[in-house]
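Participant: Residue numbers (our numbering), protein chains in the order written: chain S, 1 to 508; chain W, 1 to 508; chain L, 1 to 508; chain P, 1 to 508.
FYI, nobody ran anything at the bench for these hints, they're computed from the structure. Do not take every clue at face value.
Note that the list lumps identical chains together, so a pair holds whenever it fits in one copy or between two copies.
[What the hints assert, rightly or not] In silico lysine-lysine, DSS-like type, Cα no more than 25 Å apart, as pairs:
hint	residue 1	residue 2
1	347	501
2	404	191
3	433	501
4	370	347
5	404	347
6	347	381
7	81	191
8	404	243
9	133	262
10	174	440
11	243	347
12	133	381
As the structure is a computational prediction, the values presented were derived from the model and not from experiment.
Listed here are the chains, written in short residue letters.
Protein chains: 4
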Amino acid sequence: MEFEESGIGEECGVFGCVAAGEWPTQLEVAQVLTLGLVALQHRGQESAGIVTSNGASPPTYTAHKGMGLVSTAFPPEALLKLRYGNLGICHTRYSTTGISELQNCQPFVVDTLHGKIAVAHNGELVNAQALRKKVMRHGVGLSTSSDSELITQLLALTPPMEELGAPDWVARIKNLMTETPTSYSLLVMFKDVIYAVRDPYGNRPLCLGRLVPISKLHKVSNEDTEGWVVSSESCSFQSIGAKYYREVLPGEIVQISKHGVKSLSIVPRPEGDLPAFCIFEYVYFARPDSIFEGQMVYTVRQRCGQQLAIEAPTDADVVSTVPESATPAALGYAQQSGLPYIEVLCKNRYVGRTFIQPNTRLRQLGVAKKFGALTDNFAGKRVVLIDDSIVRGNTISPIIKLLKEAGATEVHIRVASPPIRFPCYMGINIPTKEELIANKPEFQDIAGYIGADSVQYLTVEGLVSAVQEGIASLQEKENMINNRNKSSSRVGHCTACLTGKYPVELEW
Amino acid sequence: MEFEESGIGEECGVFGCVAAGEWPTQLEVAQVLTLGLVALQHRGQESAGIVTSNGASPPTYTAHKGMGLVSTAFPPEALLKLRYGNLGICHTRYSTTGISELQNCQPFVVDTLHGKIAVAHNGELVNAQALRKKVMRHGVGLSTSSDSELITQLLALTPPMEELGAPDWVARIKNLMTETPTSYSLLVMFKDVIYAVRDPYGNRPLCLGRLVPISKLHKVSNEDTEGWVVSSESCSFQSIGAKYYREVLPGEIVQISKHGVKSLSIVPRPEGDLPAFCIFEYVYFARPDSIFEGQMVYTVRQRCGQQLAIEAPTDADVVSTVPESATPAALGYAQQSGLPYIEVLCKNRYVGRTFIQPNTRLRQLGVAKKFGALTDNFAGKRVVLIDDSIVRGNTISPIIKLLKEAGATEVHIRVASPPIRFPCYMGINIPTKEELIANKPEFQDIAGYIGADSVQYLTVEGLVSAVQEGIASLQEKENMINNRNKSSSRVGHCTACLTGKYPVELEW
Amino acid sequence: MEFEESGIGEECGVFGCVAAGEWPTQLEVAQVLTLGLVALQHRGQESAGIVTSNGASPPTYTAHKGMGLVSTAFPPEALLKLRYGNLGICHTRYSTTGISELQNCQPFVVDTLHGKIAVAHNGELVNAQALRKKVMRHGVGLSTSSDSELITQLLALTPPMEELGAPDWVARIKNLMTETPTSYSLLVMFKDVIYAVRDPYGNRPLCLGRLVPISKLHKVSNEDTEGWVVSSESCSFQSIGAKYYREVLPGEIVQISKHGVKSLSIVPRPEGDLPAFCIFEYVYFARPDSIFEGQMVYTVRQRCGQQLAIEAPTDADVVSTVPESATPAALGYAQQSGLPYIEVLCKNRYVGRTFIQPNTRLRQLGVAKKFGALTDNFAGKRVVLIDDSIVRGNTISPIIKLLKEAGATEVHIRVASPPIRFPCYMGINIPTKEELIANKPEFQDIAGYIGADSVQYLTVEGLVSAVQEGIASLQEKENMINNRNKSSSRVGHCTACLTGKYPVELEW
Amino acid sequence: MEFEESGIGEECGVFGCVAAGEWPTQLEVAQVLTLGLVALQHRGQESAGIVTSNGASPPTYTAHKGMGLVSTAFPPEALLKLRYGNLGICHTRYSTTGISELQNCQPFVVDTLHGKIAVAHNGELVNAQALRKKVMRHGVGLSTSSDSELITQLLALTPPMEELGAPDWVARIKNLMTETPTSYSLLVMFKDVIYAVRDPYGNRPLCLGRLVPISKLHKVSNEDTEGWVVSSESCSFQSIGAKYYREVLPGEIVQISKHGVKSLSIVPRPEGDLPAFCIFEYVYFARPDSIFEGQMVYTVRQRCGQQLAIEAPTDADVVSTVPESATPAALGYAQQSGLPYIEVLCKNRYVGRTFIQPNTRLRQLGVAKKFGALTDNFAGKRVVLIDDSIVRGNTISPIIKLLKEAGATEVHIRVASPPIRFPCYMGINIPTKEELIANKPEFQDIAGYIGADSVQYLTVEGLVSAVQEGIASLQEKENMINNRNKSSSRVGHCTACLTGKYPVELEW
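Bound-form chain S, shown alone (with noise of 0.2 Å):
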């Protein structure tokens, strides 16, 4: 048994970019587009493809895909095909089906009547198995497994065929969202533009941001902007000197060309459904320096420290987190608890993966290669130790060993968001409902099972309001864009994996 991550994990992240001058431009897209993705590379480490346009009419477009990290699969000749883009789209993904081949990665470009697409795609379509019946039945064939293949054939083939005229590509994208509610952020290349859309309920986050010129990015007027990038996540703009725009809205489509960036329509969800953000992205996968709804990720985990600190106060010494990703939650805990914060276990950066057969004798000790722990600083002391999940309960268990082989007297369990319970059907990985300890009879004697002297868990109202509290009111916002949709503008998380309560119904 290796010492594992988690076991929980985002799907993918997508990002766009299109130079704003005129073209050929002197902004490399291409490098733009790298940089973007390395930044997203924690929503999935599987493969990594780039495809670019140099806009012109008809287009030339250029992909590069390959396995592993970005820094791997886009290697020095890559980043030179690619280089003559003047808009582009990018993805890296982290396979959910365990069918993690080259020919599955996206983007996924196609050639059809009115000329060729790419689309990278975030999230997972709820009515997939229907849909792909349905394009079968029109007689096509789909070559593979993803849906990004299944979404580029449902834009191909969707009525009205515009032979004569321009294909009228939103038309079709809007078709599409009426044939499938969530969950999807997506971005469609066509020659010029970027379509970035967003599902109706709004499940995977996307933004917006502006290129700025550098000298300029203190003070940036509207008339400074080389470029337009939308993306997963806010925190791919810093690198690139983009300055955060705006989310793109539940249900949105947005137009994205050198002339700027223009709402065309947004989807309304049924009568009387909440928006369904996924309230994960702000536990456990966006980077914390990430911004949803108007707040900051780091913020809202410490909120949920806070939190967590008045639901389940200890009577201890020294609060502390499993680095690094629980760290903020520490430190709100010890904030509110009034408990001095403290490090107790450092990182081996370096720990790879080594072919480490154990004996009887490393297995029985848990190969804890990963952390070493900071002995002087807890021994004899009573520890509160912040973790933000418990998926299948077996990474936590060695480390509280650890601790209690340097000496900690107590360790003491806080868990910064509710146990999971359910499976995810809208792009998350999440172990099986068997896997989950949650669901395991174990669960009753939680502490007992993973060696702690107790444990206790964020409620879900507690993270629901932590969540809730800072946003503000996204009513005015989506109202200023767009006055005639009122139903989309109300607060609302997707809580399915903690709570069973899907936002749609499954069998949609």
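Using the hints provided, position chains W, L and P relative to the given structure of chain S.
Facilitator: Frame of chain S; chains W, L and P shown alone:
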């Protein structure tokens, strides 16, 4: 210009293990060696090597070396090959000389009249050139530029040439130690014994550990020994289930066999000389959970931060760190100054090496793809940012820029070590004197040069006192083991890179 | 200038196998496929792919594709993955279009309403552009430029859309054959059946074989069948223990299942058209031990040499060959002319691709690292050197230079095929018209240009007669199988690259 | 059981080059070395190495070594690195000892008191163990098992130790030659000179060539020299534009510098001993276009075939060859016997290494994927098949099976060399005595064992006479150069593997 690491680096780490049971034993020595090496990976990432011995007479040695991280250099088939060793030594290397080829990798194995010996070395012989000449004058050709080959040939060559009796390797090691004063922490494996050697000045670290039954990690008696390990740093003990035993003393030769650990001799320093353990092991190189001279490195760094707060107080709102190495100093500074500790940067764990050939636009930006700013934590605030060292001055500058663009009103840099001004000839990779920012004209206005509102360094005296304050009298410890040699027992550290005062004359 | 290959090349080879026993069978289909593919490696070296089916209902297909030779593309783990197939098809590919990416590799698998089909194709559809348009007009997107994907989508799309009953793949294949006349030798796998299809002109080769018990290779009865194979060339049968059965006829659809081989239909050519089997398969592409139209390729090449000796006799001392492909023609020339056959060149088997950037000196030399001159065999003699074809004229020139420097007094080139003057649109990679030496001004003095004492080519008539002389009347054979279609039974070959007379109108 | 190569193999090839113009010269020595090495690739395919020197004082040496073929081991960046050499030596290696690691690769470079020397060696020192002991007794450690390192250390060590004056490498080489009689063809590079050395028995080949201006390849005068080359075989001269000059004589030391080639000395054999050039270089190892002792290897092989036809005539219809190495012998046999020469097998050029784990079916078959039978050439005929040697007897057997299944009525094997019965200790890789078919009980009925109708071998006397017949009196040539040493001038060859008579006592 890539955003680069600080530019100083450790050269190598060494590790050894002897199984203590009857041979062949259940303990898989190769597995223990690999895990030990992974824990020392921060001391060298360019190549790794393991040599095991079955301990028989004559012994069978098995060697494997490879470029890159341990995880790359040791694929499963390599470990399979090594699995029958009952003892072994290993080495991880970062080349200071720029020649990074497989044939320079350690451990070095040579066949001698008395059988094969294997040598692993951390350090740099101050009189290597003179010793090479000497060896070659004897008629020996040297096939690499590595000190390890030189040491091996010196051991093979050194009289007395005990042709008829058993080879006296200890006499040869002593002879070697009279020929070169520093710096070396050395492992010499011969048949069923590892000799662990530290130079008389104790310039590089080396310590001993005891492998204990996992079930008795909490309460261990002397009888419960499954094996012995020796390592550059004690951080490698935890992940293999070993207990810290003690340091190898300056000048000491320790024999490790399945019968246990035995101190054979302590070769003295010249009268009046103090030990000269590298002070930068505390400041920068070592892993924070390692123990030197009885104190945890993390604690020393925290004390440096406290001392810095005393020497260089700041009128500011918050204290923070350049993650991750400066965090203990920042927490110490916060504690001492009473200012709140916050996080201002988050790290991209997947940054990799992306082949960005930045255009003018990205070059101006500094391409801070490594860090994201946690804007909301410090916008509108005056930040004290603690760094552990400033070497060339080109890494802190884009960070300051990032913080200011994200809204910090002031950024004050406090450095938890003194300026580096001099080269090291004892195993540390430091840029040339000309490249060091502290030797440049720009240093006169270092704050202006890097864009900070103020910059202050810890003093040499402050550093030395922060380090030495926590050292329990070494004299007593040493006297316990070797009561003939009191001169080596006083406290002393090498600060040559800061002060230019080298522990030995360089023309030795 | 590297010393390069001749510049013409086959595009691909296809191979298929069905185990004939009860499933799952002892016969390892993946092994047979791999060996069959290795024997077709001369038809394509850029990529290879295998798809196997377990033949169940619904079937499980397993696919593996890789770049490079079969030995590179199919490591042991790939074969392991494929081992449970009871039938399968495979493909080896050399891209003429220059786009050599994994996603263009065959076989192509698509999921359709009636289940997955897999397609492997050798040839080039003369009306591919029109067919792509047609498919896309139907709303299908095409994700590659490969004809194989196009064929697959055409099969998926073609009415009748038998939604309620079983899918009628044969009807669909027939429909495909009415839409595109040439060129394709096609394998279509569906569940437990392989359909082997050859276009009505029979432009590319395809033949059937029977796997027999090894012990009965000498004397086989019809009962002893372990499986059926289908291949571009019969040379692949020997190494797997298969016996040549017969050719797939022009226009024929053969169904291969575990129950045996069944001719389903022969789609006729337009009234009056002759078959158009590629004559260059005889001249250059095919392996000499393959059998086409009842005759061994080697024998045809020998006859070409004899015919050449009649058409172009030479006053010389010895006859020799450019090894290895021209050897049968050289032996034929020697036999007919009465001149002794000798070897003048030996080949460096290990020449590989050395990255020589020749300085002026080596460039003048022509770098003939591929061949060594067997000086003593011909020094002082007049040599007739037989080559199979001269395409660009840049490979024969350094050989002549080599022979002259080594002492040949005269070198007369006799080419066992006519000059190539026209492009091929049916699956052969030929340089552009401008690059062909026969279309250049230098061709007027080709002997002077390449440094020979004389140059003579075989005539088109000579070639055709050498090829057709040995063909037993196909008419009788065809009539046995399909007595409704006598028009396809006359002998005919495609000589378009020599004469410009294409078998179908190119704008079909 | 893979279908394997014959099982005997050359160990290595050596090559050297000195540019003759003023330095730095236009001649790219690294390119010449690479091409020279490619031509020697048949002498070793496991690793390759090049060392160049700029010839300055002190010299700068540049080395590159790699595993695999020259084309793999020397990527473009390696050649770039080596390009500034004015002279250099190189080596290609096949390890007989089974330890095939980079560190055993040649050339070996060592730093000595008098500067660096580089050594490349073909052969095997018969008294290596004694010499290793001697070197180690002097206090030298040996880091590899290679003879090349041993030779280098012997050269470094050997007195006289000329500390004050210039190093006398020639004296050292002579001293080495008195310590070990055979076998070695040796290149020693020091600064601006290459010493080419052949052992007193001349066991391994070595010859000299002159690089001439390409424009004057036809008619060269002594003035037109661009450089000097030295090589294991003359076949390497053609592709680099060099002219064969002469052999290095048994026992000779030749100095090669930019001033030309100079014979320094000839170290004599013991009184009465004949030279002992390896007769298997003629039979099997050398490339057919190489020249030894004044005669082309191809011609000798042809004579072996003629002699075989005299010794072992056959009542058959046709004569053929196992391609490609037995072809000259087959043509000789055909010529002498009057039987027609035909081809019966064609080779699959792309056979590669396919990971076939044959099931019972394929195992029975023998998996003859390497060859195809040219059925129509011999069906119904009695075939004499000439092979150059039969080592283990497992490669000829499936070929005979193939021919019989394809219709040969009889297959008679005639082997153009005598049976191999004894091990070689002088640089040839031969299977163990037990593995040699000639030492097995089955040899009594070898024809039955391999499935042939009859088997006959060339006699030792026949082989020796076929080899020696063509040698012009060496005595005169030698006397021209070295009139003091007439004993070395008689003709003699090593036939130890055939007769068990070794040229020197093995316990030397």
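Participant: Does each hint hold? Answer for all of them.
Facilitator: Hints, one by one, checked against the model:
no., hint, result
1, 347 x 501, "neither (37 Å within a copy, 34 Å between copies)"
2, 404 x 191, "neither (61 Å within a copy, 38 Å between copies)"
3, 433 x 501, "within (15 Å within a copy, 65 Å between copies)"
4, 370 x 347, "both (6 Å within a copy, 17 Å between copies)"
5, 404 x 347, "within (18 Å within a copy, 29 Å between copies)"
6, 347 x 381, "within (21 Å within a copy, 30 Å between copies)"
7, 81 x 191, "within (18 Å within a copy, 40 Å between copies)"
8, 404 x 243, "between (46 Å within a copy, 14 Å between copies)"
9, 133 x 262, "neither (34 Å within a copy, 32 Å between copies)"
10, 174 x 440, "neither (43 Å within a copy, 57 Å between copies)"
11, 243 x 347, "between (33 Å within a copy, 19 Å between copies)"
12, 133 x 381, "neither (61 Å within a copy, 57 Å between copies)"
Of the hints listed earlier, those the structure fails to meet are numbers 1, 2, 9, 10, 12, in rising order.
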